[in-house]
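Asks: Sequence:
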Amino acid sequence: MGDWKLEVIKMGLYITFPVALFHYFNQPEYFEDWVTKTRRTIFPPDSKTHREEIQECIRNIREKKEVEMLRHLKEQDSGSVQLLATPEWQMDHF
1 MGDWKLEVIK MGLYITFPVA LFHYFNQPEY FEDWVTKTRR TIFPPDSKTH
51 REEIQECIRN IREKKEVEML RHLKEQDSGS VQLLATPEWQ MDHF
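Position 2 (the sequence shown) corresponds to 2 in UniProt numbering; numbering is contiguous.
Do not take every clue at face value.
What the hints assert, rightly or not - In silico lysine-lysine, BS3-like type, Cα no more than 27 angstroms apart, as pairs:
#1 K37 x K48
#2 K48 x K64
#3 K74 x K64
#4 K65 x K48
Source of the hints: derived by calculation from the structure; they are not laboratory data.
With these hints in hand, go ahead and build the complete structure from the sequences.
Replies: Structural data, given as C-alpha cells:
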C-alpha cells in the first residue's frame, strides 16, 4: 500500500472534490442564462392582446349575470314569480 503521504492526498481529494463541485454549481451566473431561457419557453410572457381578450370575456360574463339578475328582480316585483304556499299544519311550528 502507500504510506501516510498518499493517504493525506487521498483524504484531501475526498474532501476537496465535493466541496469544489458544491461551490461551482451554486454559482448562479453559470446557469442563469439557461434557467432564463428554459423559463421563457415553458412560461411565455403574456401578450397584451391575450390579456385584453380575457378582460373582455370577464366583462361579458359580468354583464350577462347583471342582466339576468335584473330580469329576475323585475319578475319578482311584477309578481310573476309564485312563492310556494306553506300548508297550515306547518305554520303551527313557527
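Asks: Hint by hint, say whether it matches the structure.
Replies: Cross-check of the supplied hints:
1. K37 x K48: At roughly 21 angstroms apart (the allowed maximum being 27 angstroms), K48 and K37 satisfy the hint.
2. K48 x K64: holds, 24 angstroms
3. K74 x K64: Roughly 15 angstroms separates the two Cα atoms, so the pair holds.
4. K65 x K48: holds, 26 angstroms
Violated hints are absent here; each numbered hint is respected by the structure.
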